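Enquirer: Those letters in the sequence shown? Residues 1 to 110, per the UniProt record's numbering, in order.
The set of hints was computed from the structure by calculation and includes no laboratory data.
Only a predicted model underlies this, so the values are computations on that prediction, with no experimental measurement involved.
Incorrect hints may have been included.
Now the in silico label distances, taken between C-beta atoms and shown as ranges [as the list claims (entries may be wrong)]:
hint : residue 1 : residue 2 : range
1    : SER61     : VAL102    : 15 to 25 angstroms
2    : THR100    : GLY60     : 45 to 55 angstroms
3    : ILE86     : VAL51     : 22 to 32 angstroms
4    : VAL102    : ILE69     : 14 to 24 angstroms
5    : TYR54     : PHE83     : 45 to 55 angstroms
6    : VAL41     : GLN78     : 32 to 42 angstroms
7    : ALA52     : ARG85     : 26 to 36 angstroms
8    : GLY105    : GLY70     : 23 to 33 angstroms
9    : SER98     : SER65     : 23 to 33 angstroms
10   : ASP76     : GLY40     : 28 to 38 angstroms
Just so it is clear, CB atoms sit at the ideal spot from N, CA and C, and this is done for glycine as well.
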Amino acid sequence: SGKKYKAYRGMGSIAAMQKGSAERYVQSRETSGRKLIAEGVEGLVANKGAVADYLDQVAGSLKSSFYYIGGRTLNDFQKKATFIRITPASMAESHPHSITIVDAGKNYQI
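Throw the hints in and build the complete structure from the sequences for me.
Expert: Put into structure tokens, the structure is as follows:
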């Protein structure tokens, strides 16, 4: 399919315990996967791209935030910004909805 994935192995997974984390899970006497009890999972996570691309998004978001609060320095930001916690439903509502998006920016990935 052309997609790239990164392997994920939780410390309580069978593979991780076979490589040495079994002691943490009080199973250090067992070495075969047959007797180990999994307390974690192994899987694949879709590659989201280069860190540089993510940092560009963060930098752009910070620039917008400074503009919205009328600040120029970190000190201004600390004095003027108000942080609020929103629910996942509010997050979805704050993004475009009820529309078939044909070209969304990276920041609209929910």
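Enquirer: None of the hints should be skipped; say for each whether it holds.
Expert: For each hint, the structure was consulted:
1. Separation of SER61 from VAL102 is about 23 angstroms and conforms to the stated range, judged on CB atoms against 15 to 25 angstroms.
2. Evaluation of the 45 to 55 angstroms hint for THR100 and GLY60 yields a failure: the beta carbon distance comes to about 25 angstroms.
3. One distance hint, 22 to 32 angstroms for the beta-carbon pair ILE86 and VAL51, holds here, with the actual separation near 26 angstroms.
4. Between VAL102 and ILE69 the Cβ separation comes to about 32 angstroms, which falls outside the hinted range of 14 to 24 angstroms.
5. Look at TYR54 against PHE83: about 21 angstroms separates their beta carbons, and that is not inside 45 to 55 angstroms.
6. Separation of VAL41 from GLN78 is about 40 angstroms and conforms to the stated range, judged on CB atoms against 32 to 42 angstroms.
7. Distance hint for ALA52 and ARG85: a CB-CB separation of about 29 angstroms, consistent with the stated range 26 to 36 angstroms.
8. At about 24 angstroms, the beta-carbon gap between GLY105 and GLY70 stays in the expected band of 23 to 33 angstroms.
9. At roughly 27 angstroms, the beta carbons of SER98 and SER65 sit within the given window of 23 to 33 angstroms.
10. In this structure the supplied range 28 to 38 angstroms is violated for ASP76 paired with GLY40, their Cβ-Cβ distance being about 44 angstroms.
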